[in-house]
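Taken in sequence, the protein lines are chains A and B. End of the first sequence = 571 in our numbering, gap-free, step of one. End of the second sequence = 1249 in our numbering, gap-free, step of one.
Everything labelled a hint here was simulated from the structure, so no lab data went into it. C-beta atoms are modelled at their ideal positions from N, C-alpha and C, and glycine is treated no differently. One or more of the hints may lead you astray.
[Stated by the list, open to error] Example chain B residues on the side facing chain A (calculated, C-beta under 7 Å, incomplete):
#: 1; residue: Thr1012
#: 2; residue: Tyr1043
#: 3; residue: Asp1046
#: 4; residue: Ser1148
#: 5; residue: Gly1189
#: 6; residue: Gly1201
Residues per chain are reported as follows:
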Amino acid sequence: MEVFRHDIVIVGGGGAGLRAAIAAVEADPKASVALVSKVYPMRSHTVSAEGGAAGVAAPDDSLEMHFKDTVKGSDFLADQDCVDYFVEQAPKELTLLEHWGCPWSRDEEGRVAVRAFGGMTAKRTWFAADKVGFHMLHTLFQTSMRYDRIVRYDEQFVTKLLVDGGVVKGVAALDVREGTMRAILGRAVILATGGAGKCFPFTTNGTIKTGDGMALAYRAGIALKDMEFVQYHPTGLPGTGILITEASRGEGGHVINAQGERFLVTRDYGVGQKAELGPRDMISRAIMQEIAAGRGIKGPYGDYVHLDLRHLGEAKIMERLPFVRTLSKTYAGVDPVSEPIPIRPVVHYMMGGIDTNIDGATALPGLYAAGETACVSMNGANRLGSNSLTECLVFGARAGIRAIEFARGASVGSEAPLLAQAQEEATRIEDLRGRRKGGEKIAQIRREMQKTMEEGCGVYREQASMHESVRVMAQLRGRVSDLQLEDASKVFNTEILTALELANMVDVAEAIAVAAAARRESRGAHACSDYKARNDQEFLHHSLVTFTPGGPHLDRKPVTITRFQPEERKY
Amino acid sequence: MSDVQKKKFVVTRFDPDKDEVPKTQEYTIPVRPDWKVLDALNYIKDEVDGTISHRWSCRMAVCGSCGMLVNGEPKLTCSTPLDEYGDEVHVAPLSNFPVIRDLVVDLEGFLDKFKSVKPWIVRAKEKAVEEGPCRQTPEELHAFKQFSMCINCMLCYAACPVVANVPEFLGPAAIALGHRYNLDSRDEGAAERNEVFRGEGTVYECSYANECSEVCPKNVDPAAAINQAKLLAVLDWMKSFVTPRRGGE
Ligand SMILES: Cc1cc2nc3c(=O)[nH]c(=O)nc-3n(C[C@H](O)[C@H](O)[C@H](O)COP(=O)(O)OP(=O)(O)OC[C@H]3O[C@@H](n4cnc5c(N)ncnc54)[C@H](O)[C@@H]3O)c2cc1C
Ligand code: FES
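Sequences and hints are given; from them, build the entire structure.
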């Protein structure tokens, strides 16, 4: 078994992982940081973010307004101390990215331009046309190359946290290229492994977003928090689920039904004056209701409505939304300059994740989490668009610094027990390779999981179907241990990765379903048809799901409310 | 589906533990009219043959993972429509790279080249966060924006006749990236990068075949970048005789 030793180990090379790595080596230039990623960092799904990153910049805006928008958007489930820290750090972090070369779009004076976004009362979303995640990720990746103390482990798939004496001390990782296991040891570990949209069939997420980090933490005994809150983005292309950014509405796009009616203006869906710039949970529900009322358009991938950008004109579309135009042409066969874009709500983002405090620290000493995989929590029951790229920076940096501080005070101790665990992992993975004796195909179980999650934990949820999801996930958890694999080879065996990812997703999906079924109210993205109102009396709390061999264990945790008392969420 | 269309895929296979040389394998599968080449590969992987290996992630032409040769041409498979091809489609790994397995090529060499152009902002004195963002006019942004659009998909290396003959050649994407930073109004590192560009196996190696710009799925136009970078590197070198060098260099 190959063993590598560093001060800290970061799992994930997306926005959060790269930012954490840079913060760590800047905090301690002598520190050695392992950056482990299952894909080359520039392939991480941060690359796909289109619309922008929020941070107060304009003179008519304030930190207080950003704070209030975020808390209200969260349906009062965000921890307000986290939101305060977030809004305060956001402009600094975005400025740093600017200094590192991010090609932010500018106004005529050369100042960074900001655009409108859903649920935000002022223009505060920084953008680089409509390829913001791409530019941020490449800026971070390229900047990270300046630091020789950041040692990359590309295409290495982490399968287990190595824990000894109640402290995390490294990870076991499968080297995809060689097909061998290795132990990467460090005195602190940060999980920055992104979201889990692939638990659902129809999602904006790429194929790598399988909730691995959530499952790693869950299996190590750490609670997953607020998992029931799954964000449906209102505007995905039918069929592929490819995102058409909210910036399309920020720049003035309209959502219309089959009759060409702007129903967010003409009907009462709770978004008030904000119309198309209402928050995502509300707009997704409005679209589903339009479709249910028969005002959608029929298509081969189900009914949909239209996003109309025609009135923006070709010049503005080309300046602000060129990628949207290309995506629409390539993946929907329509040119938004002359035709409306077919869209429907699509699984997009996990508000929930690994339970951490404001430092990104989990209950397991030495283990930190940041980015979409974490729930610190600042998104509560509904994230506002453009807050999460910034979240990756703000809480990625903080976790990086805190992890380095922790590592400084921690001792390595004996490596023997860690290597024994890694060896056990090696045996487990070896058994999986080319496991012909198994009974079930990966694709079959994945389909069942995704279909069940869509039916049980969709935009609207019913008690009965949520409980059905819980039942099916428990069953699938058993069935994933009897997978049939065909590929017995060692080198770049991607089948084994899909098998591991599937097992991770089933864990995460089960946590989502269990938390959803227990929340007998409607709040933010969790719209429960049997309990239509928000119920602060009973449910103004975070939910925690912990792994036990007998099945998930459910618990709760108070929400931190500092100065914005919960009120009715109306726009 | 009544009128299910079928297509034959001829896929290059290679497992270094078993095969001396790459071989091909054929799969005939049902396809949907709106599929891209990648959808067909994923169908094969999920439903027909789990042993096939290829890279992909975003399926929206932005992560750069899925570059392959489709009927001999470098393509991003997730944005290449199947209906552009006939009943038989050949899929092979990108040319000019060592093959690791099936359709997966080795990128390590590229990332070393990438790093050698110092793809980050170089400044004599770093600006403090408190000073706020730099000013950069839309024109200054425009000067380099196009060259910042590279997704590192490697199609240009697969197409480049120079890379085919001189594997050490820095190559289109890396040169375009270095040039992108040289053109950025916030950067002061051009002298260092021009030093790199004047070295062996870089801008002067290019034969202006323009193949890179033709296959680029993001219209980065690396050929133009190389052309400009060459000129600027020479000018910079000539200037070094006329004017004393700036401090810090
Ligand atoms: C299409 C789309 C558009 C979006 N647009 C916006 C937007 O405009 N504004 C906004 O604020 N947010 C947006 N979001 C959300 C935002 O982009 C993401 O929440 C954020 O980028 C997540 O970053 P991350 O660093 O947490 O994870 P990711 O970028 O997903 O990176 C995860 C990393 O973890 C690694 N990893 C995962 N599992 C393992 C493992 N087992 N072993 C080793 N490595 C592993 C991966 O290789 C990868 O490097 C968008 C999301 C999508 C899908
Ligand atoms: S899968 Fe990302 S570019 Fe094709």
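Under 7 Å is the threshold here; is the Cβ of B/Gly1189 close enough to any Cβ of chain A for the hint to stand?
Not OK, violated: B/Gly1189 not within 7 Å of chain A, min 11 Å.
Interface restraint verdict for B/Ser1148 against chain A (beta-carbon cut-off 7 Å):
holds, 5 Å
Against chain A, run the beta carbon of B/Thr1012 and see if the smallest gap drops under 7 Å.
Because about 14 Å separates B/Thr1012 from the closest Cβ in chain A, which is outside the 7 Å limit, the hint is violated.
With 7 Å as the cut and Cβ atoms as the points, is B/Gly1201 at the interface with chain A?
Violated - the Cβ of B/Gly1201 stays beyond 7 Å from chain A, reaching only about 20 Å at its closest.
Does B/Asp1046 pass the interface check with chain A, least Cβ-Cβ distance below 7 Å?
holds, 4 Å
For the restraint on B/Tyr1043, tell me whether the closest CB of chain A is nearer than 7 Å.
Result: violated, 10 Å to nearest chain A Cβ.
The structure is inconsistent with the numbered hints 1, 2, 5, 6, although it conforms to all the rest.
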